[in-house]
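Asks: Protein sequence lines correspond, in order, to chains H and E. Once you know that position 225 of the first sequence is 225 in the numbering used here, the rest is easy, because the numbers rise by one and skip nothing. Once you know that position 78 of the second sequence is 78 in the numbering used here, the rest is easy, because the numbers rise by one and skip nothing.
Derived from the structure by calculation, the hints contain no laboratory data. Note that the Cβ used here is the ideal one computed from N, Cα and C, for glycine as well. One or more hints might be untrue.
To give an idea of the chain H side of the interface with chain E (calculated C-beta under 8 angstroms), a few residues [what the hints assert, rightly or not]:
| no. | residue |
| --- | --- |
| 1 | Gln224 |
| 2 | Asp266 |
| 3 | Thr270 |
| 4 | Glu434 |
| 5 | Glu438 |
| 6 | Glu449 |
| 7 | Ala450 |
Derived lysine to aspartate or glutamate pairs resembling EDC-like cross-links, with alpha carbons at most 20 angstroms apart [unchecked claim]:
| no. | chain 1 | residue 1 | chain 2 | residue 2 |
| --- | --- | --- | --- | --- |
| 8 | E | Lys157 | H | Glu256 |
| 9 | E | Lys133 | H | Asp266 |
| 10 | E | Lys157 | H | Asp215 |
| 11 | H | Lys453 | E | Glu47 |
| 12 | E | Lys157 | H | Asp330 |
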Amino acid sequence: MKKSTKKLLAALLAMTMAFGLAACGSDVEPAPAAESAAETEIEADGEQQPTETAGEAEAPADAVVINFAYDEGVGDATREMIDKFNASQSDIFVESYSLPHDANNLHDDFVNKMVAQDTSVDVMALDVVYVSEFAAAGWVNPMDDLYTAEELDAFLPGTVSGATYNGTLYAAPWFTNASALFYRTDLLEQAGIAEVPTTWQGWQDAYEKVKGDVDYAFSFQGIQGEAMVCDWCEFIWSFGGQVLDENGTAVCNSAENIEATQFMADLIGTYAPEGVTTYAESESEQVFKEGKALTCRTWSGTWNVFNDEAESNVAGNVGMTFLPVSEEGDTGHSCMGGLDLVTNVWIDDAHKEAANTFIKWMTSEETEKEFTLISSQPPAVKAIYSDADVLEKIPFYTDFFAIIEAGNTRPLSPNYAEVSDAIQRNVHMALTGEQSVEDALNALQGEVEALSK
Amino acid sequence: MKTSSKKSAQERQDAKVAWLMMAPALLILSVIALYPVLRTFWLSLHEMSLKNPGSGYPFIGLRNYIEIFSDQRAMTDIVFTIKFTIVTVVLEMFIGFAAALVMNRAFKGRGIVRAAILIPWAIPTSVSAMMWKFIYNDQYGMFNDVLYRLGIIDGYKAWLSSASGSFMALVITDVWKTAPYMALLILAGLQMLPEELYESAKLDGANVIQRFFTITIPLMKRPLLVALLFRTLDAFRVFDLISVLTGGANGTESICVYAHKQLMSFLDFGYGSALAVLIFIVVFIISLIYMFFMGGDLAGDD
Numbered sequence: 001m002k003k004s005t006k007k008l009l010a011a012l013l014a015m016t017m018a019f020g021l022a023a024c025g026s027d028v029e030p031a032p033a034a035e036s037a038a039e040t041e042i043e044a045d046g047e048q049q050p051t052e053t054a055g056e057a058e059a060p061a062d063a064v065v066i067n068f069a070y071d072e073g074v075g076d077a078t079r080e081m082i083d084k085f086n087a088s089q090s091d092i093f094v095e096s097y098s099l100p101h102d103a104n105n106l107h108d109d110f111v112n113k114m115v116a117q118d119t120s121v122d123v124m125a126l127d128v129v130y131v132s133e134f135a136a137a138g139w140v141n142p143m144d145d146l147y148t149a150e151e152l153d154a155f156l157p158g159t160v161s162g163a164t165y166n167g168t169l170y171a172a173p174w175f176t177n178a179s180a181l182f183y184r185t186d187l188l189e190q191a192g193i194a195e196v197p198t199t200w201q202g203w204q205d206a207y208e209k210v211k212g213d214v215d216y217a218f219s220f221q222g223i224q225g226e227a228m229v230c231d232w233c234e235f236i237w238s239f240g241g242q243v244l245d246e247n248g249t250a251v252c253n254s255a256e257n258i259e260a261t262q263f264m265a266d267l268i269g270t271y272a273p274e275g276v277t278t279y280a281e282s283e284s285e286q287v288f289k290e291g292k293a294l295t296c297r298t299w300s301g302t303w304n305v306f307n308d309e310a311e312s313n314v315a316g317n318v319g320m321t322f323l324p325v326s327e328e329g330d331t332g333h334s335c336m337g338g339l340d341l342v343t344n345v346w347i348d349d350a351h352k353e354a355a356n357t358f359i360k361w362m363t364s365e366e367t368e369k370e371f372t373l374i375s376s377q378p379p380a381v382k383a384i385y386s387d388a389d390v391l392e393k394i395p396f397y398t399d400f401f402a403i404i405e406a407g408n409t410r411p412l413s414p415n416y417a418e419v420s421d422a423i424q425r426n427v428h429m430a431l432t433g434e435q436s437v438e439d440a441l442n443a444l445q446g447e448v449e450a451l452s453k
Numbered sequence: 001m002k003t004s005s006k007k008s009a010q011e012r013q014d015a016k017v018a019w020l021m022m023a024p025a026l027l028i029l030s031v032i033a034l035y036p037v038l039r040t041f042w043l044s045l046h047e048m049s050l051k052n053p054g055s056g057y058p059f060i061g062l063r064n065y066i067e068i069f070s071d072q073r074a075m076t077d078i079v080f081t082i083k084f085t086i087v088t089v090v091l092e093m094f095i096g097f098a099a100a101l102v103m104n105r106a107f108k109g110r111g112i113v114r115a116a117i118l119i120p121w122a123i124p125t126s127v128s129a130m131m132w133k134f135i136y137n138d139q140y141g142m143f144n145d146v147l148y149r150l151g152i153i154d155g156y157k158a159w160l161s162s163a164s165g166s167f168m169a170l171v172i173t174d175v176w177k178t179a180p181y182m183a184l185l186i187l188a189g190l191q192m193l194p195e196e197l198y199e200s201a202k203l204d205g206a207n208v209i210q211r212f213f214t215i216t217i218p219l220m221k222r223p224l225l226v227a228l229l230f231r232t233l234d235a236f237r238v239f240d241l242i243s244v245l246t247g248g249a250n251g252t253e254s255i256c257v258y259a260h261k262q263l264m265s266f267l268d269f270g271y272g273s274a275l276a277v278l279i280f281i282v283v284f285i286i287s288l289i290y291m292f293f294m295g296g297d298l299a300g301d302d
């Protein structure tokens, strides 16, 4: 073998290795669940009845067949609803297109389809934070004509504003979720506190009285991830701050935001565990379940887990209330999550019409009630929270309704992923003390400004 | 009279058959390796944000690459990735070498030890990263418990909440996981060393240290370089460990994590592809450097 051939072969070999190994950089890898942008917090429900007929029933010969893509986290309940819809009429037949329980995965799948102008799905269940992105890219149809003003009033206001982009409705609220402050009823009683505190100061004072029994006043999520974005938004809202103002202009380094972020950072290591900057939901909930914290900020569905004796040391002693505010008399705003229903822009008019009929049916009070009963997902329709059948099954909705009614949406931006990433990096640096709060928020302001250009 | 340059009909026939036999492999390689890389390179020359289909994805030449060098975040990530690569690979080499030397001795239960040492390597990275995340937890983490009992720390710490703690945690986890792999590759090399050399050196009065530095080290150069090559490339492309353990927090974002974010979260296929190509080029250069030190031996047969 000649020397030059050998050299060539060596180079080729090196190339092949590099090809094979470098693939990571370009490959499509699913993001870990911890990073999930959606806080749909799907609760598995033991009483769910898996249906066998879904997807197997035959479509009537002259029916318009539409495909509905959704999250497997609510798979069984959704299939039950689809079957009901198919049985109720014969003009439209809905087929299931079930995707894994991971909001980012769903998002990537939908993006790929929309970019390829794929018409294999007609209706998509899209995480609320991505509605703006899809609307701005022109991948979903406006829904302005679908609901009358009164019909829209039936929904929780936060769910409607989350489904609206630039003044136009692009999505139908399907189900939602919101966070709440969970607290130890036994400790408040023991300390002789009759009124549940509403302010940060109130909770700090309460903690001083029960210090011997718990290590921390607060447990929340401060990890560099989507969970922290929700928490941080709630902190700044509680001080009157915002990420984007009414016109969509970045206002990240406002005095309110600096004050709120400083307060949040100061809690860490004093009133909250030093490790909250590494906590997502499960870690922060664990601290509360073990009885180490007076309160815990997390998603509403956790009520069941906290009150489950097999899993929690504090079962039976857990109450639910508004998130704390800085000024007495203000209302705490929770972050809202959940899934909206949108229609594919590439499908033809006949499918569009059928898809809209199906969406209208799915979001009707009657269907939403049934869906809530089998899935335990907080519905988007207000009236259901006071329905007797629902309250019997999910008693905490009595307290929860006022909380979710005051819910806010995370910043509505067509570049939500980038905005969220900028918040994650900069605010996390402020929380860990690697940067001063002011520097971090100035940097954030610069990044968000550049994104909204 | 035949020379090497004049091949017989038989040899030409053999070569033809050889190419024919290799054809399926080459075809598959070009479809699954060559095509994606070339396609990625092509995309990297375009402005292609999937969120902005109206732009028509224009060709912009090398502008994405120029942007990388003014992107503070990309630069920080590259520096971190290089630091991570050097620290982990050096530690893994020493620990792996030491473990291999021990395993190369004849002792009872050697087979079991060799199998057991591979367990960390066999666990999927994302699973072991989750496991270590529990270990570093500030409330119930074993890492705190052990150090506390040993009296090294006076209270539980949140290791993953600081830059130095996160870096240390990543290095420990990566070394724990891949030192065994290094040990195994080195062990394979050690077993090829001729016993006679050691015998005669012993007779000549060379002590253990002399034998190690004059026989083991020189003869181990090639297997060691192969092991280092694999580990360096792997370490430079670190993704899952960081993605799960720290999520890139506290300055631990590797360039692969950033590229993934640009591609899959921000949907910027142009810029993300440029980052991916950059990673490919760096990895390729690393491979060439190792090839150079190996003197092209990998390709030759003499």
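Asks: Hint by hint, note whether the structure agrees.
Replies: How the hints compare with the structure:
1. Gln224: Nearest chain E Cβ about 3 angstroms off; hint holds.
2. Asp266: With Cβ-Cβ at 15 angstroms, over 8 angstroms, it is violated.
3. Thr270: Hint violated; Thr270 of chain H Cβ to chain E Cβ min 13 angstroms, cut 8 angstroms.
4. Glu434: holds (6 angstroms)
5. Glu438: Violated, about 19 angstroms.
6. Glu449: violated (16 angstroms)
7. Ala450: Cβ of Ala450 of chain H sits 12 angstroms from chain E, so the hint is violated.
8. E:Lys157 / H:Glu256: violated (31 angstroms)
9. E:Lys133 / H:Asp266: violated (24 angstroms)
10. E:Lys157 / H:Asp215: holds (15 angstroms)
11. H:Lys453 / E:Glu47: holds (17 angstroms)
12. E:Lys157 / H:Asp330: violated (36 angstroms)
Going through the hint list in order, the structure does not satisfy hints 2, 3, 5, 6, 7, 8, 9, 12.
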